[in-house]
Amino acid sequence: MARIELTHVTKRWGGFYAVDDLSLLIDDNAFVTLLGPSGCGKTTTLRMIAGLETPTTGKIVIDGVTVFDSDAGINIPANKRRVGFLFQNYALWPNMTVYQNIAFGLSNIREAGLSVTAEGELIRNPEAKGEARKLTKEEIDKIVARVSAIVKIQPFMERYPGELSGGQQQRVAIARTLAPSPRVLFMDEPLSNLDAKLRLEMRSELQRLHLSTGSTFVYVTHDQMEAMTLATRICLIDNGVLQQYDEPLTVYNRPNNTFVADFVGNPAINFMNARGTQQADGSFRVKLLDGYEASFIPNEKVDIDSWYAAAEKDIAAFRAKERPAEKTNKDVPFKYPIATVTDTAEEKRELDRQDWVIGVRPEFIRISEDGPIEGEVFSAMPTGMETTVRIRVGNYLLTGVVFGGVTYKIGQKVRIGFAGDGATLFSRVNGRLVCCGEVRMA
Amino acid sequence: MTTAAAPRAGSFRRTWNRFRTYITKPQNAILLALGIILTITTIYPMITIVRDTVRIHPGSIDTQERALDSQTEVLGSTLTTYNWKNLFTDTITSRVGRERVTQSVASIYLWTPLINSVLISVFACFGAILYGGVFAYLVTRTNLKFKKYLSSIFIFPYIMPQWTLAVMWQNLFNSNAVTGGNDGLFVALFNVYMPKWWCEGLFPVSVVLAIHYAPFAYILIGGIFRNMDANLEEAATILNTPKWKTFFRVTLPLVRPAILSTILLVFSSAMGSYPIPHYLKLSTLSTQYVGMSTNRAGQASILAVIMILFGFLIMIVNQRTTSGRKNFTTVTGKSGQSSVVNLGPAKYVVSALFVLLTLFTGILPIILFAIETFLPNPGDYSFIKYGISGHTTTKWWLTAENVTENGMYGQKGILYNQDIWNAFAGSFFVAICCALLAGTIGTLIGYCVSKNRRSKWAAYVNNMAFLPYLMPSLAVGVAFFVFGSGVGIYNTFLLLILAGVVKYIPFASRSALNSMMQLSGEIEEAAIIQDIPWWKRMTQIIIPIQKTSIISGFLLPFMTCLRELTLFMLLCGQGKIITTMLGYFDEMGLYAFSSGINLILIILILIFNTLVNKLTGASIDSGIGGDS
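Residue numbers (this note's numbering), protein chains in the order written: chain A, 1 to 442; chain B, 443 to 1070.
The hints are simulated quantities; they were obtained by calculation from the structure and are not laboratory data.
A quick note: this is a predicted structure, and the numbers were derived from the prediction, not measured.
It is possible that some hints are incorrect.
A short list of chain A residues far from chain B (calculated; beta carbon distances all over 10 Å) [as the list claims (entries may be wrong)]: (1) Ala78; (2) Asn79; (3) Trp93; (4) Pro94; (5) Tyr99; (6) Ser165; (7) Thr328; (8) Tyr408.
Computed Cβ-Cβ distance ranges for the label pairs, DEER-style [claimed, not checked]: (9) A/Lys152 / B/Lys587: 46 to 56 Å; (10) A/Lys152 / B/Ile985: 25 to 35 Å; (11) B/Arg896 / A/Lys152: 37 to 47 Å.
Ideal placement from N, C-alpha and C gives every residue a C-beta, glycine not left out.
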């Protein structure tokens, strides 16, 4: 039904760039999550698309209609964009019953080409000519009945929001949003106020809802798990800048940079600093974990010099972009965390092209008798289905996940190794992904 | 050429587009309109006062002087610097007994009243905070007895007309021997003659002002005490901090903002108060202004300018202290139970003390006013000794025809006196109009400002609306007097309503802003998204949700207006509204009439307050800014 297109959208408050030059294409019927740490600009982005916030510059097109264009002076207000918005704290009107909450918006529609199907679905045809009319009481009843059936709130129609539990309020909010048949549904952290169990339940219901309504969903969250499980595509934002826009598994397996790698995945990815050079066969011979020799064998060959040239050109282009005000939120490379037992002083030297960061997801850390690396168990957290183990190697800590209820003793000596070709190699100079591949210990 | 012109045209269009986007939002359009209107209604009358100080007033000293002094011609035919020059440089020689005493004009007309004004303001602040603050602490944090009764009676002095307590002070302590006039109750009952300093001047004015404004302190400070998370103090207790240290290092800093706002409000209110220093005979800026009105009209305006400057000063201090840093969030949501200090057996003593005090400030005035209306002669309490019959009368109430004997001076009894009831009707009319207008405008301001929290213009409009609050009432009255005389609407309801609205908008805008700030913006956005028009959003969502505080925003202007004297007394003739009528009877010496009017006024206000409170839950507390 609706495709959303953002072109060079920027939102700035004084010198602070809440959203910096964001271009995004959201396909029809997609379920896109805007993901990022708090304050990164994801909610601002959503509110700009919905029309609740006015971008500083840029262009937004919904369903072929330009709703905002700073150059052409177009700004269709939120109420004319025909979108649905689900708010973080539901924003139910406390002075109205559940029924009134859902019906209030409907009773207000006045346009030509309205019809309601037998199932209670509102059909709106903005192109239709003829006399504008309002919905009749019966039609509104029908629509309310339909949407309240979808979210199963029929027993509560005469209650006030204050008399409902958090989960029920959430359902009412969803019903209210669905009632006028919006082309697009925006959701701003809709599940963050629910308890863990209910959240899981609502998550699967949202997925079903997306399927049954066939509308385009744009969903803001800071919970990477929610993004991973729900989205058809994840749009990861940090500091107002788009970091990666891909399918969830791509984001997980091929993170664009150390920020993405760190943000997505729980337990978090293990980072190791490494130093070495590319060999003639394309592999990288590096030293890591204070003295272990290893080679990183890329899955596909990378010419490191041309890779650097391309990356630098890209960075230069971003920096050279015209910004009317001085940027106060500086873009420094992401400071990826390296887990250590005791804090070590940061090494003070200029990084060069021989510095790398290797990322290994916890599931690729193998504990076995013949592992090449010696360590000891630092902590072990069994949940029943799996056990998260932190292993101390020298001063470093590596996190691994072992399936099944294995019990480890704290302080127990173990040997570990890196399995599979799912490891990632980043440049330490700019934090960008060089390639994926296999870490082979020497 | 074209390359240079293109971006300019583009930037113009961009500015125009931005303006169009801005103005299509109702809150912005309202803000723009109100900002302009309020700037005019607030600033313009003040400018007219400043101009008035250099204007020539026919029949006052500046005209006579102008004929003698050709130098003033420099300023043109209608302007003179004489008023300033005379006030600050000249001297007056007067006869005191057999000696001729020479004093500077400034010391009589300016410095003495100014110093007195500042002193009573400072003492009133100090007293109000001490009395109200201690009471707030006792009610909210200890196991005091009769809390419910005490907390409702404690705010009586604020609800009642300002002069109530001053008049009661006179009725209690005056004596023919010390102050002249009638003997008060103390003399009549106990034959106790209070010294002069106790009966008149700085001391009683300060005390009465402090008692009158203590409810401010109680409501503001009590609001914080009530909502303060007990965990904050418990955390200190856990760390084994001594109780007094917890109080001074944790509790007191947290109520500091409330203390500051009390100081600001009380200071300017006390400074602008006219009736209290008038009744208790202290020369302050406000009484001096009224006293020197016709002969030295230009110089009186200089006094008004000084009061206005104080208002600005307070506003600047207010701005400094309330912005950011030291405004703590004391409401964190958790921990419903606050720790209650056990007063032990002392609680009965303390409770009894406060019951007694509030009896004096809250109940006794009503009784005294009632008694006064049945006395045949003012201050004639002989019925106490000789019994009711023969020593009391109902003539003040029931005389139905014009009689000149009996000390009625041709007035009919209160119940039959058309003039009195006309004045009551006038007061009600003004109060209703003021409440409706000020309440509506204030609510709109609160709404618009809360929608534009970051905007500088919104902050400006908010300040402009708030400014009259910090201006001494008399100064605002003077401003509208000069303004009203200038445009020819003196002695019309229009002028009274205009002044009342400007002065009382802050009551409404404050309570509206407080409550709107707590209303999540999403509540309205949820309606915007569904294309619900603005007026429907207001009438069906915002106003119903916030109805209690919005009604408070209407209630407070209404009640204040009913009992307002200082602001209105310069703006109309004496028969127009009830408070000026009351002053007229006082001047005539018909104290039974003024007491009767006082009685009716107080009882009406109390009934009205209780009624609205019971019906809607609204109260004057939230209008003043407390959280209730």
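Evaluated hints:
1. A Cβ of chain B approaches the Cβ of A/Ala78 within 10 Å, the least distance being about 5 Å, so the stated non-interface status is violated.
2. A cut-off of 10 Å between C-beta atoms contradicts the statement that A/Asn79 is not in contact with chain B; the least separation is 4 Å.
3. Not every CB of chain B lies more than 10 Å from the CB of A/Trp93, the least distance being 5 Å, so the non-interface label is violated.
4. Under the 10 Å C-beta cut-off, the non-interface status given to A/Pro94 relative to chain B is violated; the minimum distance is some 6 Å.
5. Even its closest Cβ contact with chain B, about 14 Å, leaves A/Tyr99 beyond 10 Å, as expected for a residue assigned away from the interface.
6. Look at A/Ser165: its CB is around 18 Å from the nearest CB on chain B, clear of 10 Å, so calling it non-interface holds up.
7. The claim that A/Thr328 is not at the interface with chain B holds, since no C-beta of that chain comes within 10 Å of its own (minimum 16 Å).
8. The Cβ of A/Tyr408 sits about 38 Å from the closest Cβ of chain B, beyond the 10 Å cut-off, so the non-interface label holds.
9. The supplied range of 46 to 56 Å is met by A/Lys152 and B/Lys587, whose beta-carbon atoms lie about 53 Å from each other.
10. One distance hint, 25 to 35 Å for the beta-carbon pair A/Lys152 and B/Ile985, holds here, with the actual separation near 32 Å.
11. Take B/Arg896 and A/Lys152: their Cβ atoms lie about 41 Å apart, and the range 37 to 47 Å holds.
In summary, the numbered hints that this structure violates are 1, 2, 3 and 4.
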